[in-house]
Amino acid sequence: ALAAANDKYPEEAFKQKNEADAIKALYGKTAEPSDKVKMDAPEIAENGAVVPISATTTLSDVTSIAFLVSENPISLIASYKIPAGTLPSVANRIKMAKTSNVTVIVEAGGRLYSASKEIKVTVGGCGG
Amino acid sequence: MASSIRVRATSNGDTTEVQALIQHPMDSGFVKDAKGEIIPPHFIQVLTFEYDGKPVFVADWGGGVSKDPYVKFAFKGGKKGDDLKVSWVDNKGATDTTTAKIQ
Amino acid sequence: AAATLVAGLPRLARSADTASVYDLERFGNARILHLTDTHAQLKPVFFREPGVNIGVGAMAGQPPHLVGKAFLDRFGIRPDSADAYAFTCVEFEKAAGRFGRLGGFAHLKTLVDKLRADVGEKRSILLDGGDLWQGTGLANAMNGADMVEAANLLGIEAMTGHWEFTYGEQVLRDNLSRFKGEFLAQNVFLTEEAAFNDAKAFDPASGRVFKPSIIKEIGGHRVAIIGQAFPYVPIAHPKRFVPDWKFGIRDDELQKLVDGHRNNDKVEAVILLSHNGMDVDLKLAGRITGIDVILGGHTHDAIPIPITVTNAGGVTLVTNAGSNGKFIGVLDLDLAKGKVANIRYRLLPVFAELLKPDPAMQALIDKMRDPHVDEWSDKLGTADRLLYRRGNFSGTVDQLICDALLNELNAEIALSPGFRWGLTTLAGQPITMEDVLSETAITYPETYVATMTGSQIKDVLEDVCDNLFNADPYYQQGGDMVRVGGLAYTCSPGESVGKRISELKLGNGKHLEAGKHYKVAGWASVNQQNGAPVWDVVAKHLRAGRPPNRDEPGVTLKGVDDNLGIARHG
Ligand SMILES: [Mn+2]
Ligand SMILES: [Mn+2]
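Line by line, the protein sequences are chains A, B and C.
The opening position of the first sequence corresponds to residue 147 in this note's numbering, with each subsequent residue numbered one higher.
The opening position of the second sequence corresponds to residue 1266 in this note's numbering, with each subsequent residue numbered one higher.
The opening position of the third sequence corresponds to residue 29 in this note's numbering, with each subsequent residue numbered one higher.
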């Protein structure tokens, strides 16, 4: 019954402080890393308040895609419902309080697949 | 008043690519103002795109989405000249809606 | 991609007493000349290579993280030779008197023309890897327009950029409208807002702002040149200069471009003209397939022999061509049967004394300098010792700047950026305003005085240190450690972020307290500031003739005792 693809706004999932609890609240199950989930994200954020991230997958029967930031005060950033006929590919922009792992979760065929990447948030200011 | 929502929907015959840019503070509730007081949470929770009476994309958002949010996706079908309806509702119950023509 | 590499032969020991060093044996059928990071130095310069360039993790003891004798040993260069002087800091002052200045565009012009004439018409191309328009008072006063003129006369056919972006979009575009070559950058894209507002882009569909690559016929063979701009412009510099653009390394986009050229354009070689920095290029070379040679810059490493990196598609050679006009890279390709059959590479030091300055270039330089020469020639002081910048943690020029900030702005602690450009002044030489500008000429020179807590200061040091020593080069930005005045600390480069900096002490020996507030002066902030330009602060300090601070910079290194990136001689 718990699936991000259902209709209601996932209030509980957006209250969770850590990533595992957020995934549990959103889906009721855990994700396995998959090289079929591709995330396009910078290595170092140009601005922690606006970090462009996109995700795409070659998996079929995708019903939702979610973005999580492990070090943010609330881990879940966004969860997108992907109806049949919509391509499993999303671009958006997220806030990052500090250097953190960012995780993309793809729900496909009722199972969860993930990809992660560390994105560095820095004060910057040097040069060669 | 101008809509808070800007949409660009482009069909290549096969699929329609949609980009939206929305004016909204997206306050997370974790940031302090200049006086050191917490800015209360104020963010879009649900953003829906409908084509031909059916949702083609639904975003559930928290306060971790950037100010003036941007989203891009694509769906199969969608004809040039057809309408794409976009609407959002935030945590305070405010809403906005717009309709864009697919180009 | 490259099949074999004719290199690795020890360089013959020689002195710089004859121009025959520039008579190269003919090889192959396409010559690519590579300049990078000249930092607008139109005149010949003294530039001391670093005595500290530490590599951590897998990079420890590997080029480019070798200095001094370890460098000479690795590349087979005889100590006491002209090459030893050009490539290392070994006995720099003694050798400087013997071999003289390097670079200068009038001398470079003579050498470039010779290297091109040697191979004949249409058999060569001249590329510039960026950091061409910034680094002198003249370039700063002319917004880089001087260097566009010099680049046109020199014959630069394609370039990419880094500091070029710090003039802002409008100046960049104005300059490029007069540049006769191509500006290439595969990794600069419009932000989402800018794309929505239909901001100008080379390819509106992808949002790519500049042309990513060109295909040139060299010696009758098709060679693709792809440009890679510095990936971290809006982070290393104020974002306000390029608000509409986003950068990044963008491996995936690069792989698509390489594949496209290989599969659709029938190119026989693919060259990446890169401003990533050498560690990033070495990692990239292992991930991307189909690039024959990366002509690299940004980290200012002068590496005489290319580094061969194996990847899933074959091998890629990685070079880095030094800085300040000291060197020119000569890449000779033997193209046969649709691919690179063989490669020869040389990184030639440009000994000004061996090269007759080109009269037309000299006239152009003199004409452009003329309005400023008088104003900048006043002697402000005399170098009491060798003044240099390059090194991971400190340089005597930066100690001088920190002294000026502490004294003139009445602060307890000074912070000065660890740039890798900036010239060397020999002991006893006069210091003029032009010299000061060659250490400080940027478009955001304003000084500031701020109150910071001890923990904020530590955080800044940790942050910059991670940009230098992150074990993964993709998380580095190049540049060196921020310089400090009035402060001593211990650094453990091999640790992780947050754990590298310890034992912070003020000049009076007292420990820095996390919660206590300190008055900090600095310059080159990524945030908008409004203090006097740093060059005026330094000039005032020099004019006052205060005795120099003779204290050694207080950085104690931990855990890098055997690192070959630390010189252990004079
Ligand atoms: Mn440079
Ligand atoms: Mn650079």
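Treat the hints with caution; some may be incorrect.
One side only, chain A facing chain B, incomplete, derived with CB under 8 Å [to be verified]: (1) M185; (2) L222; (3) G255.
Derived pair list, reagent style BS3-like, types lysine-lysine, alpha-carbon separation capped at 30 Å [to be verified]: (4) K267(C) with K244(C); (5) K161(A) with K1344(B); (6) K263(A) with K1297(B); (7) K1297(B) with K184(A).
No lab work stands behind these hints: they were computed from the structure.
Source: prediction; values computed, not measured.
Note that beta-carbon positions come from the ideal geometry of N, C-alpha and C, so glycine has one too.
Results for each hint:
Given the 8 Å rule on beta carbons, the hint for M185(A) is violated: about 14 Å separates it from the nearest Cβ of chain B. Here the hint on L222(A) is kept, as its CB sits about 6 Å from the closest CB of chain B, short of 8 Å. Hint status for G255(A) relative to chain B: violated, with the closest Cβ pair at about 19 Å, above 8 Å. The suggested pairing of K267(C) with K244(C) is violated, with an alpha-carbon distance near 34 Å, which exceeds 30 Å.
For a cut-off of 30 Å, the pair hint linking K161(A) to K1344(B) is broken: about 39 Å separates their Cα positions. As the CA atoms of K263(A) and K1297(B) are separated by approximately 29 Å, the hinted pair is consistent with the 30 Å bound. Our distance criterion of 30 Å between C-alpha atoms is broken by K1297(B) and K184(A), whose separation comes to about 35 Å.
In summary, the numbered hints that this structure violates are 1, 3, 4, 5, 7.
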